[in-house]
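Asks: Single-letter residue listing:
There are 2 protein chains.
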Amino acid sequence: MKLLQERIRRDGIVKDGNVLKVDNFLNHQMDIELFNEMGKEFKRLFEVNRIDKILTIEASGIGIACIVAQYFNVPVVFAKKSQSINIDGEVYATKIESFTHKKVYDVIVSKKYISPGEHILIIDDFLANGCAVAGLIDIIQNAGAIVEGVGIAVEKGFQQGGQLLRDKGVRVESLAIIESMDAAAGTIEFR
Amino acid sequence: MKLLQERIRRDGIVKDGNVLKVDNFLNHQMDIELFNEMGKEFKRLFEVNRIDKILTIEASGIGIACIVAQYFNVPVVFAKKSQSINIDGEVYATKIESFTHKKVYDVIVSKKYISPGEHILIIDDFLANGCAVAGLIDIIQNAGAIVEGVGIAVEKGFQQGGQLLRDKGVRVESLAIIESMDAAAGTIEFR
Numbered sequence: 001m002k003l004l005q006e007r008i009r010r011d012g013i014v015k016d017g018n019v020l021k022v023d024n025f026l027n028h029q030m031d032i033e034l035f036n037e038m039g040k041e042f043k044r045l046f047e048v049n050r051i052d053k054i055l056t057i058e059a060s061g062i063g064i065a066c067i068v069a070q071y072f073n074v075p076v077v078f079a080k081k082s083q084s085i086n087i088d089g090e091v092y093a094t095k096i097e098s099f100t101h102k103k104v105y106d107v108i109v110s111k112k113y114i115s116p117g118e119h120i121l122i123i124d125d126f127l128a129n130g131c132a133v134a135g136l137i138d139i140i141q142n143a144g145a146i147v148e149g150v151g152i153a154v155e156k157g158f159q160q161g162g163q164l165l166r167d168k169g170v171r172v173e174s175l176a177i178i179e180s181m182d183a184a185a186g187t188i189e190f191r
Numbered sequence: 001m002k003l004l005q006e007r008i009r010r011d012g013i014v015k016d017g018n019v020l021k022v023d024n025f026l027n028h029q030m031d032i033e034l035f036n037e038m039g040k041e042f043k044r045l046f047e048v049n050r051i052d053k054i055l056t057i058e059a060s061g062i063g064i065a066c067i068v069a070q071y072f073n074v075p076v077v078f079a080k081k082s083q084s085i086n087i088d089g090e091v092y093a094t095k096i097e098s099f100t101h102k103k104v105y106d107v108i109v110s111k112k113y114i115s116p117g118e119h120i121l122i123i124d125d126f127l128a129n130g131c132a133v134a135g136l137i138d139i140i141q142n143a144g145a146i147v148e149g150v151g152i153a154v155e156k157g158f159q160q161g162g163q164l165l166r167d168k169g170v171r172v173e174s175l176a177i178i179e180s181m182d183a184a185a186g187t188i189e190f191r
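Top line first, the protein sequences correspond to chains A and B. First residue of the first sequence? That's 1 in the working numbering, and the numbers climb one at a time after it. First residue of the second sequence? That's 1 in the working numbering, and the numbers climb one at a time after it.
Don't read these hints as lab results, they were simulated from the structure. Among the hints, erroneous ones may be present.
Unchecked claim - Pair by pair, the computed Cβ-Cβ distance ranges are:
1. B/Q163 <-> A/K168: 51 to 57 Å
2. B/Q160 <-> A/L164: 21 to 27 Å
3. B/R9 <-> A/K112: 16 to 22 Å
4. A/E37 <-> B/R10: 33 to 39 Å
5. B/A184 <-> A/D16: 57 to 63 Å
6. A/D182 <-> B/E47: 33 to 39 Å
7. A/I13 <-> B/R50: 27 to 33 Å
8. A/D11 <-> B/G144: 22 to 28 Å
9. A/E6 <-> B/Q163: 44 to 50 Å
What the hints assert, rightly or not - Heads up, simulated DSSO-like pairs for lysine-lysine below, C-alpha to C-alpha not over 30 Å straight-line:
10. B/K43 <-> A/K40
11. B/K102 <-> A/K103
12. A/K40 <-> B/K112
13. B/K81 <-> A/K103
14. B/K168 <-> A/K81
15. B/K112 <-> A/K95
16. B/K2 <-> A/K111
17. A/K81 <-> B/K111
18. A/K95 <-> B/K81
19. A/K102 <-> B/K111
20. B/K112 <-> A/K111
21. A/K15 <-> B/K112
22. B/K81 <-> B/K112
23. B/K21 <-> A/K111
24. A/K15 <-> B/K111
25. A/K95 <-> B/K95
26. A/K103 <-> B/K103
27. B/K102 <-> A/K102
28. B/K95 <-> A/K102
29. B/K2 <-> A/K95
30. A/K21 <-> B/K112
31. B/K2 <-> A/K21
32. A/K95 <-> B/K103
33. A/K2 <-> B/K111
34. B/K95 <-> A/K103
What the hints assert, rightly or not - Here are a few chain A residues that sit away from chain B, every Cβ distance over 12 Å (derived from the structure):
35. R9
36. N24
37. F46
38. V48
39. N49
40. P75
Yeah, the Cβ is synthetic: ideal placement off N, Cα and C, and Gly gets one too.
Could you build the full structure based on these sequences and the hints that come with them?
Replies: Below you can see the structure in the form of structure tokens.
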């Protein structure tokens, strides 16, 4: 998606250790107009798919997922990163390792909000090693629901997550795939 | 807002300890159509105000804030609940006590995303004791920006947060204010 690539080139900041900061428009400050363009693009990509619900994970996936949901007319469910005393009843749970925060989260979704046979679209802001998406897929499959696809804003193509998911037959659509980045030169190459 | 009150009566669950669970449509599963109606109502309430940006706090404020932002054509910034290694540079920080989770969070916003003189609308899903909103106001004032108002989906009118904020001259608009709840009878009275 050209608009997103241009925005990443303009406002993204490449840091040492293959860190790409896009907190100017994607995951701290959020450009809602851009999110709407992303929503239209995801709708175009998953036009023929049956989508009953969007699943994302807190926190930075939520904004994108809610705007995207408007193009599919479906509700959004977000997976929570630790057991809240306000979530009662039974939950689907999985563990997700975050390399950014260097810890393992327990991630839960109430059983009430994913039903067997539902067709689910996963939406998230970033795909790198793929742990978050793999955890969401685990939850969906435990619920007896169907993973219709995965829509990602920014994929780090030089990390293995996207390839691992595609090799398993999961349909992954990333609006911008980064082939390589250079912190010293500040350059970004897209696939 | 009648639509939200009806939805709370229909799908809200009153639990012991003055807990109201609205995770069916507000803060775990999210009804995006309802959020759009809330966005229209907040726009009507803050029609004459200058709003440059919406500030919310992760995680459950983000979805509402993003949908509401479409009616103001402004970006959303969400305050983060702990220092991430991906947030660099300087931040505005405050401490917020969560009674739900029984802990104190460090809450931060990058200095890049709130500027002196900006007119900010705070949006959140719940207002009870008011700690989260007070923390966001603290951050906005530290930035030299202006708190234009506070838009809340559900206010627990029997807790002190709303009154304390209004006594300080903060304009608080809550779409549903709960006067009292009865867990045994499962009843909810609105103000």
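Asks: So, for every hint listed, does it hold in this structure?
Replies: Hints versus structure:
Between B/Q163 and A/K168 the C-beta distance comes to about 54 Å, which sits within the given range of 51 to 57 Å. For the hinted restraint 21 to 27 Å between B/Q160 and A/L164, the CB-CB distance of approximately 51 Å leaves it violated. Separation of B/R9 from A/K112 is about 18 Å and conforms to the stated range, judged on CB atoms against 16 to 22 Å. Separated by about 35 Å at the C-beta atoms, A/E37 and B/R10 satisfy the suggested range of 33 to 39 Å.
Hint check: B/A184 to A/D16, Cβ distance near 59 Å, so the stated range 57 to 63 Å holds. Checked against the given bound of 33 to 39 Å, the beta carbons of A/D182 and B/E47, roughly 48 Å apart, lie outside it. A/I13 and B/R50 have their C-beta atoms about 30 Å apart, which keeps the hinted 27 to 33 Å range intact. Take A/D11 and B/G144: their Cβ atoms lie about 23 Å apart, and the range 22 to 28 Å holds.
As the Cβ distance of A/E6 to B/Q163 is approximately 48 Å, the hint placing it in 44 to 50 Å holds. As the CA atoms of B/K43 and A/K40 are separated by approximately 24 Å, the hinted pair is consistent with the 30 Å bound. Using a Cα cut-off of 30 Å, the hinted pair B/K102 and A/K103 holds, with the two alpha carbons roughly 21 Å apart. This hinted pair checks out: A/K40 and B/K112 have alpha carbons roughly 29 Å apart, not beyond 30 Å.
For the hint pairing B/K81 with A/K103, the CA-to-CA distance comes to about 15 Å; that is within 30 Å, so the pair holds. Using a Cα cut-off of 30 Å, the hinted pair B/K168 and A/K81 is violated, with the two alpha carbons roughly 35 Å apart. Our distance criterion of 30 Å between C-alpha atoms is broken by B/K112 and A/K95, whose separation comes to about 33 Å. Taking the CA atoms of B/K2 and A/K111, the gap is about 29 Å. The hint holds against a cut of 30 Å.
With a CA separation close to 26 Å, the supplied pair A/K81 and B/K111 stays within the 30 Å bound. Distance restraint check for A/K95 and B/K81: the Cα-Cα separation of roughly 20 Å lies within the 30 Å cut-off, and the hinted pair is therefore satisfied. For the given pair, A/K102 sits about 24 Å from B/K111 by alpha-carbon distance, which is consistent with the 30 Å threshold. Note on B/K112 and A/K111: the hinted pairing is violated, with a Cα-Cα distance of about 39 Å set against a maximum of 30 Å.
Proximity of A/K15 to B/K112 is assessed by CA-CA distance (about 17 Å); at most 30 Å being required, the pair is judged to hold. Among the hinted pairs, B/K81 with B/K112 is consistent with the structure: their alpha-carbon atoms are about 17 Å apart, no more than 30 Å. Our distance criterion of 30 Å between C-alpha atoms is met by B/K21 and A/K111, whose separation comes to about 15 Å. For the proposed pair A/K15 and B/K111, the alpha carbon gap of about 19 Å is at most 30 Å, so the pair holds.
Between A/K95 and B/K95 the CA atoms are separated by roughly 28 Å; this keeps the pair inside 30 Å, and the hint holds. Restraint check for A/K103 and B/K103: satisfied, since their Cα atoms lie roughly 19 Å apart, inside the 30 Å limit. Annotation: proposed proximity of B/K102 to A/K102 holds, straight-line Cα distance about 24 Å (limit 30 Å). Of the supplied pair hints, the one linking B/K95 and A/K102 holds, its CA atoms being roughly 23 Å apart against a limit of 30 Å.
With a CA separation close to 40 Å, the supplied pair B/K2 and A/K95 exceeds the 30 Å bound. For the hint linking A/K21 to B/K112, the alpha-carbon distance of about 13 Å falls within 30 Å, and the restraint holds. A C-alpha spacing of about 42 Å is found between B/K2 and A/K21, which places the hinted pair above 30 Å, so the restraint is violated. Pair hint A/K95 plus B/K103 holds up; C-alpha atoms about 22 Å apart against a cutoff of 30 Å.
For the hint linking A/K2 to B/K111, the alpha-carbon distance of about 29 Å falls within 30 Å, and the restraint holds. For the proposed pair B/K95 and A/K103, the alpha carbon gap of about 22 Å is at most 30 Å, so the pair holds. Residue-level check passed: A/R9 sits 18 Å from the nearest beta carbon of chain B, beyond 12 Å. The Cβ of A/N24 sits about 7 Å from the closest Cβ of chain B, inside the 12 Å cut-off, so the non-interface label is violated.
With 12 Å as the threshold on Cβ separation, the claim that A/F46 sits away from chain B holds: the shortest Cβ distance comes to roughly 16 Å. Residue placement check: A/V48 keeps its beta carbon more than 12 Å from all beta carbons of chain B (closest about 22 Å). Its beta-carbon lying about 18 Å from the closest one in chain B, A/N49 satisfies the requirement of being farther than 12 Å from that chain. At roughly 5 Å, the least C-beta separation between A/P75 and chain B is not larger than 12 Å, which violates its mark as non-interface.
This entry does not satisfy hints 2, 6, 14, 15, 20, 29, 31, 36, 40, going by the numbered hints stated previously.
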